[in-house]
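**Q** Single-letter residue listing:
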Amino acid sequence: MAAIVARALVKHFSQEIKAVDGIDLDIPEGQVFGFLGQNGSGKTTTVRMLTTLLKPTSGSAEVGGVDVLAHPERIRRSVGVAMQEVGLDEVQTGRELLTLQARLFDVPGPVARTRAGNLLDVVGLAGDADRPLKGYSGGMKRRLDLACALIHEPRIVFLDEPTTGLDPITREAMWRYVEDLNKGGVTFFLTTQYLEEADRLCDDIAIMDRGQIVAKGSPEALKSSIGTDAITLGLGSAEDAGLAEPLLRRFEGVDSLQVQGAQVILYLKNGAAAVAPLVLALAEANVKVEDLRLRQATLDDVFLRATGHHLETGDQGQGRL
Amino acid sequence: MRFLRDTILLMNRALREAIRQPANEIGNAFIPLFFYAVTVGAVGDVAREAFGVSDYKGFQLPVAILQGAAGVAGGAGLAMTLDIQSGYFEKLLLTSTPRLAIVGGRMLADGVKSVILCTLIVAMALAFGSGFETGPVGMVALVLSGGVFALCYSGIGVAIALKTGSPQAAQAGFLLFFPLLFLAPTFAPLDVFATWLEVIARANPVTYILEGMRALVTGGWQWGSLLKGSAAILGMGVVTWTMTAMALRGRAAGG
Ligand SMILES: Nc1ncnc2c1ncn2[C@@H]1O[C@H](COP(=O)(O)OP(=O)(O)OP(=O)(O)O)[C@@H](O)[C@H]1O
Ligand SMILES: [Mg+2]
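Protein chains in written order, with numbering that gives the first Met the number 0: chain B, 0 to 320; chain R, 0 to 254.
In case anyone wonders, no lab produced these hints; they're calculated from the structure. Since the model is a prediction, treat every value here as computed from it, not as a measurement. Glycine included, every Cβ here is placed at the ideal spot set by N, Cα and C. None of the hints are false.
Chain B is faced by these chain R residues, among others (derived, beta-carbon under 10 Å):
1) 8
2) 12
3) 82
4) 100
5) 101
6) 253
To give an idea of the chain R side of the interface with chain B (calculated C-beta under 10 Å), a few residues:
7) 1
8) 4
9) 5
10) 11
11) 15
12) 16
13) 19
14) 85
15) 86
16) 87
17) 89
18) 92
19) 93
20) 95
21) 96
For reference, chain R alone in the conformation it holds in the complex (with noise of 0.2 Å):
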């Protein structure tokens, strides 16, 4: 219960801080818009020829998503890295809160502001003339995931700034999503793709993401599609919350 409420006290001060910082999030916000529109706009019309999608709006969607909310996601770790810098950080471990409270916070910040932007980037994904098959209730879903993948994709930032101090590292870890983002079905379908490849995505949990979200967008309620994705996040959740508990004790222990 305490735990819940200071995570959520923290968390409003991490958006008052992002509502009185907003270049960050401009630029959060602007360069998943960015490729999206730039995509569709190159390769839309030969979608359909080239690798047969014929929504190629809606199949882009979810990789807008992905890129926004990662990028939200470096959030938590860049400011916690600022917070140890200025030594409030030190000042949070020595009240008497949960100290889990103190990551929770910011991650779920990221997590209510990747919930804004994936509202935003599917609202022009629509207003492009993307479909989406299913309707009002899947839009829900989709914006949530997006919300539920910064909070799981945060963890690497923060459990990089724990262990280092460092903005520059936690910053590094934010570029560690990028290669995986293109090894997945990002501009094409994996049928399309050469055998080298194939395997690689099959690897990368993106790949399921990707595809869970797809499904929503232009497949429909495809539920071994949704389970996958759904079991990918929450894998990754599992991977990212272990590192950042573990590098919170780290620093909280005081060598």
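Here chain B stands alone, though its shape is the one from the complex (with noise of 0.2 Å):
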């Protein structure tokens, strides 16, 4: 069975802000969902709107099996969300919070509290279970937030970022627990900045660019569209870019290519061998050559093509290449 489906659904805020234009969606269960986009695409209000907090302008969702406009109390009990703000209330400390939020489940008291203490030690908050979470660092808020979204047990998890803004070592448990939960059949949505954590993560991914899903599918499938290896040159000038793109364009085994400025990226099926023909090519063209390197296509690279920028996020600038 399907655990998320939509169908065209749309989210206008007004005449401009398209913020969600028409996405289709059908995540099968048990998988981890990746739904990639920079600042503004649409991916809050994506889940907002799958987990009932936002009434769509059209279109239709279906999570765990029931639409989200017709029964969303009962998708409410089914679902577990972190939100990408941490929506926490920092005169409670971290057990008082996780137990509230178990009954308000209505998982039974003593349920409630053993679950509340086993899920504390999972996340690595034992130690502070009893201090109030004003104390808390922004990491263990966001542990205590995920710990929030799975004290009901539920089978499908919305994560908004989890993981922005996290240290290395608190982001690598947090995909842990994603990997161990889903190995016992929970399906995740998890929106992301992160290609790296997209590419470790998920079983299929999504790239939203303003409002409208522009690719989709597994990360290897996508990678692979656009040929297994890239050779990035960097060119005298945007004007000799824009010289040798026809030639390039039309050079042997090249799948596609991307121009940014005074570098232009080929994508193929074998780097290796195309390096010493296409440098003797720009040559015998009089393209001179600053730099070139040999990598293999990666989600950035998948990105730049389907949205035509990098993706750029909040924390560290420029997406990496």
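Need the complex rebuilt from these two chains, each delivered in its own frame; the hints are there to steer you.
**A** Printed below as a string of structure tokens:
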């Protein structure tokens, strides 16, 4: 059965702000699905619609086989959600907050307390469980927020940028929780601005750009769709790049190509074999090559081709090549 | 059943918060106690000659009760705006709890805090030498009606909080009460009022609440006044709870 289905899902906040502009989703049960996109591309808006916090302008969606508009209360019972901004009550202790959260999902008191204790252990907060949240660090709050999303043992979990702003160790730990739960059959819908995260965790990803899905598939399929290797050429100027483009486009073995200023990226199946003929051909055409690098195609290349720009992330500037 | 249980769970959370951040509650308690002492001290001795009130300490007790209850009742709305801003409100919306319990818990906490404060106020008035015509049963009735009044009055702040999400707006809602409190027989009985003020006061539900409470303290079991007072409180409750329920539906609907 499909865990999450969306058909022509739309959210327009106004004439100009078309936050989500007609997306289709088919996410099978047991999958880790990655929703990639830069700031403002519509990730959070999609999550809010799928979790019943926001009514779609049009279109439909089902989560766990339940229509989001017809039975929102049934969806709330069966999904766990950790929003992008942790929403916690700083006056309570971790244990109080988590136990209350469980009780509000109708988990009986003794079970709620046991489960809260176990989960605090899992997210590494056992030692701080009885301190008010005021004294928690950002990473600790994130982990508690994740625990809140899991306390009622949901089968479908939405995580909106769960690792943004976390240090590498905490991020790694977060990835492991997701992987472990996923092994137990939990479906994840995960938004992220980190390509590495999508590559590592996700069975399938969708790339969002300005409210639309511009590419969809498994990370491997997406990478091989643009060629398995990438050659980055640094040319003298944007003008040179423009001049060289037609020649490069016709070049034997090139699947596709991307021009970025003075830089041209070629995607091809066998990069190593192409380097020598490529240099010769450019020399013949009098195009000066200042830099040449051969590497494997990454999700960033997929992103670049799908959207025309690199994935810019809030806290690390330009996405890496 | 579930509604009641979750309301109480959320009320407990709100009360824990009050205990851990007592500054607000201390302020809420100080104001009515202070005004009571000052008003009684200033006017108490001349009240009999000026407007024929012999037990002015008892006469002022319901004013302190209303003032205290209304002050406490600003808490739910303000706290609700903070929950909205922190995102915790949204987390509560995402649980399977009945949504009315989310606001009900906060409002009920105001009711409980108000009962505690009103008990303090009654104790202080008695210590000052106020009489109490209806005795212990009347005292319990007065304290409970202070709690119910807070439960009703807090709906105003909560409705504004849900509508606007703004702490400033929610606090402004509380200030709404002050003109109402003074357009009533607060310092003197109605029959010494100028006609225009009396007309306004007679249209003000606070007048009937005040007179009902006053009957308990200085009048005795005057069922007419008590009924009118109860009806005024409940009438106010129906209005504020409806406002709250509508505002909640608006916020939870997710435009
Ligand atoms: N409540 C709202 N009212 C008006 N516009 C909104 C609202 N929420 C989101 N938007 C707009 O919708 C667009 C998509 O926002 P959204 O939060 O879904 O993006 P996002 O992909 O989650 O971005 P980020 O990576 O920064 O979290 C943005 O242009 C945003 O300004
Ligand atoms: Mg977002």
